[in-house]
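K.L.:
Working from the sequences, and respecting the hints, build out all of it.
Okay, here's what each chain looks like letter by letter:
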Amino acid sequence: MATTSVLVVEDEPEFLRLYCEAITREADFRLAGAVTTLAAALAVLEQSVPDVLVVDLGLPDGNGADLIRRAVRKRADCDVLVVTVFGDDEHVIGAIEAGATGYLLKDSPPGELARCIRELRAGGAPISPSIARRLLARMRAPADRPAAPQPSPLSEREAEILGMVAKGLSFAEVAGALDISAHTVVAHVKKIYRKLAVHSRGEAVFEAKQLGLLK
Amino acid sequence: MTIFARAALAALAVSALASAAQAPPEVIRFREAEYVMARRALTPPEHLPWQRIALPDRWRVNWPGITGNVWYRVAFDAPHPGGEPWMVYLPRMREGGDLFVNGRLIATVREPGVGEYTRWMRPHAFLIPPGELREGRNLLHVRVYVGGEEKVMSTVTVGPESKVRPQYESRFFFTFTLAQIISAVTLTVAIFVITVWVRRRMELDYGLFGLACLFWGLHTLNYVIESVPAEWWLTWRVARYLSTGGFAAAITLFYLRFAGFRIRGMTRAFAAYWLAGPLLLAVGGASWHPFIDRFYQAGLLLMGGFMIAAAVYAVWRQRSLMSIAFLACALLGLGGSVHDYLLSQGLAVDPEGPYLLYFAAAALLGVAGAQLVERFVGSLGAAESAGRERERAVVAERQRIMQDMHDGLGSQLLTSLAAVERGALDPKGMAQVLREAVDDMRLAIDTLSPGREGLLEALGNLRYRLEPRFRAAGIELRFDRRNLPERLDVPAEHSLQILRVLQESLTNVLKHARAHRVEVSQSVTQDRARFTLAVADDGGGFEPSASKAGRGLSGMRRRAEQIGAALDVASDARGTRVVLSYPLRRPS
Chain A
0 MATTSVLVVE DEPEFLRLYC EAITREADFR LAGAVTTLAA ALAVLEQSVP DVLVVDLGLP
60 DGNGADLIRR AVRKRADCDV LVVTVFGDDE HVIGAIEAGA TGYLLKDSPP GELARCIREL
120 RAGGAPISPS IARRLLARMR APADRPAAPQ PSPLSEREAE ILGMVAKGLS FAEVAGALDI
180 SAHTVVAHVK KIYRKLAVHS RGEAVFEAKQ LGLLK
Chain B
0 MTIFARAALA ALAVSALASA AQAPPEVIRF REAEYVMARR ALTPPEHLPW QRIALPDRWR
60 VNWPGITGNV WYRVAFDAPH PGGEPWMVYL PRMREGGDLF VNGRLIATVR EPGVGEYTRW
120 MRPHAFLIPP GELREGRNLL HVRVYVGGEE KVMSTVTVGP ESKVRPQYES RFFFTFTLAQ
180 IISAVTLTVA IFVITVWVRR RMELDYGLFG LACLFWGLHT LNYVIESVPA EWWLTWRVAR
240 YLSTGGFAAA ITLFYLRFAG FRIRGMTRAF AAYWLAGPLL LAVGGASWHP FIDRFYQAGL
300 LLMGGFMIAA AVYAVWRQRS LMSIAFLACA LLGLGGSVHD YLLSQGLAVD PEGPYLLYFA
360 AAALLGVAGA QLVERFVGSL GAAESAGRER ERAVVAERQR IMQDMHDGLG SQLLTSLAAV
420 ERGALDPKGM AQVLREAVDD MRLAIDTLSP GREGLLEALG NLRYRLEPRF RAAGIELRFD
480 RRNLPERLDV PAEHSLQILR VLQESLTNVL KHARAHRVEV SQSVTQDRAR FTLAVADDGG
540 GFEPSASKAG RGLSGMRRRA EQIGAALDVA SDARGTRVVL SYPLRRPS
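So the protein lines, in turn, are chains A and B. The opening residue of the first sequence carries number 0 in numbering that gives the first Met the number 0; numbering runs sequentially from there. The opening residue of the second sequence carries number 0 in numbering that gives the first Met the number 0; numbering runs sequentially from there.
Be aware that one or more of the hints could be misleading.
EDC-like, lysine to aspartate or glutamate: derived pairs with alpha carbons at most 20 Å apart [stated by the list, open to error]:
1. A/K194 to A/E118
2. A/K105 to B/E435
3. A/K189 to A/E89
4. A/K105 to B/E466
5. B/K427 to A/E13
Note that these hints are calculated values from the structure, not bench results.
P.N.:
Structure (structure tokens):
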């Protein structure tokens with residue numbers, strides 16, 4: 000069984016230690032690196048991009064979003080998990096726009112990090128009601144061109160799922176209501192994240208991808 | 000009495016007699032004259048059939064269908080020549096004419112000539128050259144052309160200049176200078192109000208007031224501009240009806256709206272009538288002029304009737320100073336319009352009286368302006384007090400948050416600090432305390448941060464956050480939402496307390512209940528009056544009288560009380576059920 004390589008970028012030693020332990024504890028995970036600064040992380044990425052990047056957004060020497068963008072550009076299937084302190088939804092949205100597909104609250108129980116990484120690798124993604132609502136609002140009216148008549152990049156099903164999550168329904172409840180599996184629901188959410196990232200990178204790229212010009 | 004005294008009295012009496020003999024002659028206002036129709040060049044001779052006629056002479060009545068030069072003559076006695084200069088004064092001489100004294104031309108008032116349309120709104124007065132005045136009987140001839148626009152030959156006043164000039168000047172002021180002033184003032188106000196209205200689209204009333212001022216200013220120009228080139232005559236008349244009708248329509252609409260009449264199509268109907276007359280004249284040409292002058296203007300009087308109806312209604316509804324002033328002005332307005340209409344048609348009323356609508360219009364516009372100012376000042380005040388209200392709300396909110404931090408997180412951390420320092424808290428207990436503190440902060444962020452949707456979203460977030468913990472503890476966490484609307488409008492600080500109660504209940508289940516399942520049901524009663532939140536677990540229950548559980552419970556009760564909600568807790572061996580019932584429509 001292939002191991003999943005994980006790079007941890009976290010400036011607080013206590014959390015860095017906690018995350019490293021959580022990863023080395025799992026037999027199928029491999030710690031590719033543990034760094035405390037953006038510069039160090041970029042240096043690691045120069046060598047190779049891991050399967051999973053766990054990154055704290057509030058790094059002392061720069062914005063985590065740049066790091067995420069770099070990682071995803073170098074390796075499209077790199078899963079980025081953002082760790083965040085409080086309900087700083089704006090930062091989370093920023094990270095998703097940069098290419099993150101998951102986020103973890105810092106006070107989650109110890110087992111959550113591994114569970115979340117597994118969910119990501121399996122094609123799923125977590126989402127909270129307030130993040131869902133913000134995503135929905137953002138996809139409906141792009142901030143840079145609010146007046147332009149632009150079809151939402153979301154499919155009807157995706158918008159429906161976001162709407163239900165925004166109202167506070169769990170994945171299981173959404174799955175039940177739509178008569179699909181919970182796994183399909185989280186897969187949809189991950190697709191939505193990817194779309195937002197592409198969406199924010201510009202219409203040209205998005206359309207090119209839609210037309211199959213870019214892979 | 001001495002002889003000297005008698006002599007002195009006699010001297011006084013003589014001097015009194017002497018001064019009576021030299022007294023300045025009275026001013027004569029002729030209300031009767033003799034007339035004859037004759038050639039225009041020279042004063043007609045005595046032997047023609049002069050006939051007596053009362054002044055003012057209404058041509059529409061006395062000379063129907065007749066055109067030609069009419070001579071009027073009056074005779075008056077003048078004092079011996081060489082005294083004070085004498086003056087002739089005609090309050091109205093709209094179409095001009097010639098004045099002769101003793102057969103000599105002393106003045107010509109320009110008549111509407113070829114290529115020019117003239118109508119004098121000002122009165123006329125002329126000094127009689129001293130050499131022309133004879134001692135004893137003098138003859139004054141006035142020649143006018145009957146059959147033009149003018150419908151009246153006015154009275155004639157003759158007398159010493161010092162007596163006549165004030166009459167003339169006062170009339171000049173009221174009929175001419177005042178018109179200039181009114182025109183200038185209303186146009187200035189109109190430009191100001193309309194500019195403000197266009198820049199900031201307030202209610203229609205401001206626009207109507209601006210338009211009324213504009214039209215009245217333009218209408219009044221009619222009394223100021225007395226002569227226009229003939230080729231402009233039709234345009235001039237069209238403009239006149241546009242402005243007169245526009246004023247009537249705008250001011251009537253304004254007052255109808257003031258009185259609370261908002262009938263569908265009202266504005267459009269008025270606008271249609273307003274445009275109909277001028278359009279007919281513009282398209283149909285000059286031949287329509289008499290018809291429109293008579294009937295279109297009469298139709299405008301009907302608007303005054305509407306205004307009075309509105310005013311009576313307004314007074315009946317609310318007996319305020321404003322509504323009574325409005326009724327008075329409406330009566331004045333209609334009275335003035337009827338008077339002016341008759342005057343302009345040469346009918347019924349004193350043909351020499353001044354136009355009255357001036358004053359009525361000024362009063363109407365004044366009351367309308369005062370009403371708008373009152374409303375404007377009122378809305379400024381409302382905006383200010385809303386600003387103050389908002390400020391107070393911000394301060395109150397800040398106060399509440401500070402109080403909350405002090406009572407909640409602050410005291411929790413302080414108590415724990417004391418316990419740690421005493422050595423009474425092990426790492427596990429400490430983790431517990433800190434986690435509770437973090438959880439509480441999360442709730443505050445979820446509910447108090449700007450841009451949050453409200454209670455339902457915050458409930459979803461809480462559940463999203465707690466799910467991993469329940470999963471780790473092997474407890475099934477179920478949320479059941481029944482008949483919940485799209486959103487619930489609950490004040491943020493109330494949401495916070497509701498969530499705290501829920502979080503506390505759920506944390507209790509995690510810590511103590513030894514449960515397999517916990518179900519959170521959220522519902523709204525049929526009449527949408529209450530929001531109910533129930534937390535039911537299948538754990539072992541607890542003894543509410545136990546001191547620790549009791550403290551937790553009393554905290555929850557206190558929170559519920561703060562927001563006017565009811566808290567019901569039932570616990571037995573089969574589980575615990577906590578029900579919070581929150582009133583949605585709060586009596587204010």
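K.L.:
All hints, please: hold or fail.
P.N.:
Going down the list of hints, with the structure as the test:
1. A/K194 to A/E118: Satisfied, since the Cα-Cα distance of roughly 19 Å is no more than 20 Å.
2. A/K105 to B/E435: Holds. A/K105 to B/E435 sits at ~14 Å (cutoff 20 Å).
3. A/K189 to A/E89: holds, 18 Å
4. A/K105 to B/E466: Between A/K105 and B/E466 the Cα gap is close to 15 Å, so the pair holds against 20 Å.
5. B/K427 to A/E13: With a Cα-Cα distance of about 17 Å, the restraint between B/K427 and A/E13 holds, given a limit of 20 Å.
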